[in-house]
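Listed in order, the protein sequences are those of chains A, B and C. With the working numbering, you'll find the first sequence wraps up at 325, consecutive numbering, no jumps. With the working numbering, you'll find the second sequence wraps up at 286, consecutive numbering, no jumps. With the working numbering, you'll find the third sequence wraps up at 481, consecutive numbering, no jumps.
FYI, nobody ran anything at the bench for these hints, they're computed from the structure. Note that the Cβ used here is the ideal one computed from N, Cα and C, for glycine as well. It is possible that some hints are incorrect.
Said to hold, decoys possible - Partner residues aside, some chain A positions facing chain C, computed with beta carbon under 8 Å:
hint: 1; residue: P36
hint: 2; residue: G42
hint: 3; residue: T52
hint: 4; residue: E285
hint: 5; residue: L288
hint: 6; residue: D289
Unchecked claim - Every beta carbon over 10 Å from chain A, so not counted as near; a handful from chain C, in silico:
hint: 7; residue: S36
hint: 8; residue: N324
hint: 9; residue: E334
hint: 10; residue: A378
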Amino acid sequence: MTPTASSTASTTSSHAVFDDIVRSDSSLRRFLHGLPGVDQVGCEARAAGLATRSIKTTSKAYAIDLAIRMVDLTTLEGQDTHGKVRALASKAMRPDPADPTCPATAAVCVYPDMVATAKQTLGDSGVNVAAVATAFPSGRAAMDIKLADTRDAVEAGADEIDMVIDRGAFLSGRYLDVFEEIAQVREACGDAHLKVIFETGELQTYDNVRRASWLAMMAGGHFIKTSTGKVQPAATLPVTLIMLEAVRDFREQTGQMIGVKPAGGIKTTKDAIKYLVMVNEICGEDWLDPDWFRFGASTLLNDLLMQRTKMTTGRYSGPDYFTLD
Amino acid sequence: MSRIDVRKTYKLYIGGQFPRSESGRSYVVNDAKGRLLANAAQASRKDARDAVVAARAAFGGWSGKTAYNRAQVVYRIAEVLEGRREQFEAELRAAEGVTPARARSYVDASIDRLVWYAGWADKITQVVGNANPVAGPYFNLSTPEPSGVIAVVAPRGPLLGLVSVVAPLIITGNTVVVIASQDNPLTAITLGEVMATSDLPGGVVNVLTGSQTEIAPWLASHMDVNGIDLTGVEDAELATELEVAAADNLKRVRRPAPDTDWLAEPGLDRMTQFLETKTVWHPIGV
Amino acid sequence: MTFEYAPAPESRAIVDIKPSYGLFINGEFVDGNGTSFKTVNPATEEVLAEVAEASDADVDEAVKAARRAYTRVWSRMSGAERAKYLYRIARIIQERGRELAVLESIDNGKPIKESRDVDVPIVAAHFFYYAGWADKLQYSGYGSTPLGVAGQVIPWNFPLMMLAWKIAPALACGNTVVLKPAETTPLTALLFAEICQQADLPPGVVNIVTGAGDTGRAIVSHPDVDKVAFTGSTEVGKAIARAVAGSDKKVTLELGGKAANIVFDDAPLDQAVEGIVNGIFFNQGHVCCAGSRLLVQESVADEVMARLKRRMATLRVGDPLDKNTDVGAINSAEQLAKIRELSEIGESEGAERWSAPCDLPANGYWFAPTVFTGVSQAHRIAREEIFGPVLSVLTFRTPSEAIEKANNTPFGLSAGVWTDKGSRILSMANRLRAGVVWANTFNKFDPTSPFGGYKESGYGREGGRHGLEGYLKNTEKGADA
Numbered sequence: 001m002t003p004t005a006s007s008t009a010s011t012t013s014s015h016a017v018f019d020d021i022v023r024s025d026s027s028l029r030r031f032l033h034g035l036p037g038v039d040q041v042g043c044e045a046r047a048a049g050l051a052t053r054s055i056k057t058t059s060k061a062y063a064i065d066l067a068i069r070m071v072d073l074t075t076l077e078g079q080d081t082h083g084k085v086r087a088l089a090s091k092a093m094r095p096d097p098a099d100p101t102c103p104a105t106a107a108v109c110v111y112p113d114m115v116a117t118a119k120q121t122l123g124d125s126g127v128n129v130a131a132v133a134t135a136f137p138s139g140r141a142a143m144d145i146k147l148a149d150t151r152d153a154v155e156a157g158a159d160e161i162d163m164v165i166d167r168g169a170f171l172s173g174r175y176l177d178v179f180e181e182i183a184q185v186r187e188a189c190g191d192a193h194l195k196v197i198f199e200t201g202e203l204q205t206y207d208n209v210r211r212a213s214w215l216a217m218m219a220g221g222h223f224i225k226t227s228t229g230k231v232q233p234a235a236t237l238p239v240t241l242i243m244l245e246a247v248r249d250f251r252e253q254t255g256q257m258i259g260v261k262p263a264g265g266i267k268t269t270k271d272a273i274k275y276l277v278m279v280n281e282i283c284g285e286d287w288l289d290p291d292w293f294r295f296g297a298s299t300l301l302n303d304l305l306m307q308r309t310k311m312t313t314g315r316y317s318g319p320d321y322f323t324l325d
Numbered sequence: 001m002s003r004i005d006v007r008k009t010y011k012l013y014i015g016g017q018f019p020r021s022e023s024g025r026s027y028v029v030n031d032a033k034g035r036l037l038a039n040a041a042q043a044s045r046k047d048a049r050d051a052v053v054a055a056r057a058a059f060g061g062w063s064g065k066t067a068y069n070r071a072q073v074v075y076r077i078a079e080v081l082e083g084r085r086e087q088f089e090a091e092l093r094a095a096e097g098v099t100p101a102r103a104r105s106y107v108d109a110s111i112d113r114l115v116w117y118a119g120w121a122d123k124i125t126q127v128v129g130n131a132n133p134v135a136g137p138y139f140n141l142s143t144p145e146p147s148g149v150i151a152v153v154a155p156r157g158p159l160l161g162l163v164s165v166v167a168p169l170i171i172t173g174n175t176v177v178v179i180a181s182q183d184n185p186l187t188a189i190t191l192g193e194v195m196a197t198s199d200l201p202g203g204v205v206n207v208l209t210g211s212q213t214e215i216a217p218w219l220a221s222h223m224d225v226n227g228i229d230l231t232g233v234e235d236a237e238l239a240t241e242l243e244v245a246a247a248d249n250l251k252r253v254r255r256p257a258p259d260t261d262w263l264a265e266p267g268l269d270r271m272t273q274f275l276e277t278k279t280v281w282h283p284i285g286v
Numbered sequence: 001m002t003f004e005y006a007p008a009p010e011s012r013a014i015v016d017i018k019p020s021y022g023l024f025i026n027g028e029f030v031d032g033n034g035t036s037f038k039t040v041n042p043a044t045e046e047v048l049a050e051v052a053e054a055s056d057a058d059v060d061e062a063v064k065a066a067r068r069a070y071t072r073v074w075s076r077m078s079g080a081e082r083a084k085y086l087y088r089i090a091r092i093i094q095e096r097g098r099e100l101a102v103l104e105s106i107d108n109g110k111p112i113k114e115s116r117d118v119d120v121p122i123v124a125a126h127f128f129y130y131a132g133w134a135d136k137l138q139y140s141g142y143g144s145t146p147l148g149v150a151g152q153v154i155p156w157n158f159p160l161m162m163l164a165w166k167i168a169p170a171l172a173c174g175n176t177v178v179l180k181p182a183e184t185t186p187l188t189a190l191l192f193a194e195i196c197q198q199a200d201l202p203p204g205v206v207n208i209v210t211g212a213g214d215t216g217r218a219i220v221s222h223p224d225v226d227k228v229a230f231t232g233s234t235e236v237g238k239a240i241a242r243a244v245a246g247s248d249k250k251v252t253l254e255l256g257g258k259a260a261n262i263v264f265d266d267a268p269l270d271q272a273v274e275g276i277v278n279g280i281f282f283n284q285g286h287v288c289c290a291g292s293r294l295l296v297q298e299s300v301a302d303e304v305m306a307r308l309k310r311r312m313a314t315l316r317v318g319d320p321l322d323k324n325t326d327v328g329a330i331n332s333a334e335q336l337a338k339i340r341e342l343s344e345i346g347e348s349e350g351a352e353r354w355s356a357p358c359d360l361p362a363n364g365y366w367f368a369p370t371v372f373t374g375v376s377q378a379h380r381i382a383r384e385e386i387f388g389p390v391l392s393v394l395t396f397r398t399p400s401e402a403i404e405k406a407n408n409t410p411f412g413l414s415a416g417v418w419t420d421k422g423s424r425i426l427s428m429a430n431r432l433r434a435g436v437v438w439a440n441t442f443n444k445f446d447p448t449s450p451f452g453g454y455k456e457s458g459y460g461r462e463g464g465r466h467g468l469e470g471y472l473k474n475t476e477k478g479a480d481a
């Protein structure tokens, strides 16, 4: 049987409680549009308020190590090579070669054709390989190609799949198509964890971000992720706030935890700590774990390392003392 | 043998009706030469209380009408007054002993004043309201709203002063309990007849006749009255007493001005003094 | 391991609190003739300084100085020149912003986050805004004739902000002032006096006299005061209205409130919860326009309460100077006693009390953020202003019931509405009898936005073009000042 994105009546959701909702486009639309609205100004004010938290000394040291452990160290360039990926994987395992107490990152994130290389380097280090699939970043391909892309990455050893949703379908209200696409990719993932990328910069409104979050959670995504990093704006604090509220409310309703991954544009320790404060205050400490929160980033890691060194040595460090990979 | 006149009984004007004073009292009103004109009802504190109840009951409906509608009603009062001008001129001549020309000029001015205020109904908001450019993503608008039930001590004189204090209050949506000039109460009740036949909802204007000293303190201390206009209070001690009593529920107070030149064009402040400014904020977002 | 935030205290070193303070009269600090009093840090009960009390004679001196400055200097100066003084003051406030914020938090107990990010920026903005009016009064719609000497009495909840709301428009319009800060929070007003010196403001234009009720009474009843502006309790407001009866004094009063914050079932719930929290726990609930009555639609009451309590549990109560503190200290022992008393009454009347779990410091005046459910309109905690971090929750079923309950109070200062339906917002905003209606937001302030109440919440407006009216003489023929 050739899987397609066309809607059939046999869709089921991650929880039986949602089965009636995902029966048709209209029932799905009624549900998603019945979620409480988001007031943009209030949401942004809340995010800005949390961003004024001042994290110092011991709490800062804790936050920096946690942030390092949450990084999906990412390279998603046309110019990527096996050498580049091997170097990145090495860095993920030992971010600060001079300091063995420095934790490893959560994963490296690469295109599917680089999965095998990354896996080879990482071995059983505990650092996962995440692969972007489903015609990343635009998501513009036939369904069978997206599924093949996914299976290919999983077969090559990917532990995690970062898929993109069909934003065109979402924005034109074909929610059931998006739902089924996620559900089918999830199935194709097998044991690999699925992160669902919304490309929030294209969804434009916070209401859409909230709806996309629920759609992905009901369809079986393990993580919801803001952006590909290829569209501006990528991750922002308010967008992440909406997604954190969604996973918090989803657990309230189903008992199930979903992870959140802001990606793109998070470059400094200061930024990362703001996100961790937000996780702490919106979702609570259960989510303060690489299993439930990740940063999709590349340059962030070096800033975390510089700040980490500053904390241990008491003096400011410089970029020359950290590897550029 | 000449025909016997059918004399008019002057009563109060409360809630659109013309009741006698519940106290059953009346007092003699003389003309300028001291001859009996008529008996006027002498309102009691209970009449004042009933008038406040009527004014409060009318407030929601009257203030909720469109400004255009209130303008039409007040303009209609002017029209009806114009139609009955001979009667008013006669009453003014009788009450004050003025010349026909003078009586005519007062009636003219009263009608013109009503027309002037009628036009303000749908403009005052534009003149005293504001869009406020706050430093943030918020829509912010300030608009005037009527204060509520206003008690008024009308100035001396039968008509022009009375029209000049009542019109600015009702045009903005307030409802009014007015104590007519003690010496010239009859025209006030005739004006009530004009208002009663001008589509003005009952209770928007309530006219009490009788003793200022007796009734005004009850209105000044009444906790369901939102403002008091002391324009016609000539006794400074009484004025202070009334202002003190008005503080019990923080009524908006307009202090006495018995010497006002009622023929001069008024400013806005008879309207604005009994307006509240409401400012509404709303975020601007998508 | 949990993510504990280490202490992040703002440095106190930036402020220099003197052991004692005099009165600021005619551009100089002078001794007072009353019995001096102590101002304490409500977070620690530490005595901060000894402050002079202005006697009747001191107040008279201050009024004389203000009158002289009015007649000889300030009323003769062009608006453009007055404006430059006000701009100068606004700039110095910005320059010394951190110092003002720290001092405000020490003397008042409010979190540094608020004094730094809300109070002080609004203070500077307020002076900046009214500075610009000084030479444009002829376009204001209220004429350009000042009243003379303004006597101003302000409360302890926003010491500096209330000072700005009083002094900036008064000076812009050409008046001179005698201002009394609250007895528990005089320090920032006295620092402001120093700022007036730094700005070379002509002596006597601003006079600051410290003291309690007697000093306030002396200002209000002084025969040479042309204008009285007061922010504070409705009870004192009424006493002032009585005291000025029969005089020519112009009066503006900004008094108490018991605002309804109305949440409909289609509200943006997460933002509504933030609005509820901001509405009642901002500044420890020491806010006259606080959203102290939550009216929540029955169909979402349980969900809103669950979200609210979860959110309240994350509020950080403690050291006002810690940058992460959300709720600071209650301003005084007296106020704490009043909050406790009314809360106990709430319980004894049968309402259900819930307080956020938080450790309160051993010293100082503290009250945990508290919410009462099962409150009815008949309860005292639904009618009286508690002026503390205590929320009373009532429910409603229809828009009309919400309006009825919201307006069922002698107050009328502010109100909140939360719904995603635009036409309903406008309908509610029309029917609410309150001077400020916040729709899908709460407790927002801006120099351009008029603020003030209906009914027993007072009269007159502060802020915006409307704020000029209270400081200008109506010169229209036959006008009542």
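Results of checking the hints against the structure:
Using the Cβ-Cβ criterion of 8 Å, the hint placing A:P36 at the interface with chain C is satisfied: the shortest such distance is roughly 4 Å. Taking 8 Å as the C-beta cut-off, the interface hint given for A:G42 holds, the closest approach to chain C being about 3 Å. Against a cut-off of 8 Å between C-beta atoms, the interface hint on A:T52 holds, since the closest Cβ of chain C lies about 6 Å away. Contact between A:E285 and chain C, as hinted, is supported at the beta carbon level, the nearest pair being about 5 Å apart and thus within 8 Å.
A least Cβ separation of about 6 Å between A:L288 and chain C falls short of the 8 Å threshold, and the interface hint therefore holds. The restraint placing A:D289 at the interface with chain C is violated, with a minimum CB-CB distance near 10 Å, outside the 8 Å limit. Its beta-carbon lying about 37 Å from the closest one in chain A, C:S36 satisfies the requirement of being farther than 10 Å from that chain. For C:N324, the condition that its CB be more than 10 Å from all CB atoms of chain A is violated, with the nearest at approximately 5 Å.
Residue-level check passed: C:E334 sits 31 Å from the nearest beta carbon of chain A, beyond 10 Å. Listed as outside the interface, C:A378 is consistent with that label: its C-beta sits roughly 32 Å from the nearest C-beta of chain A, beyond the 10 Å cut-off.
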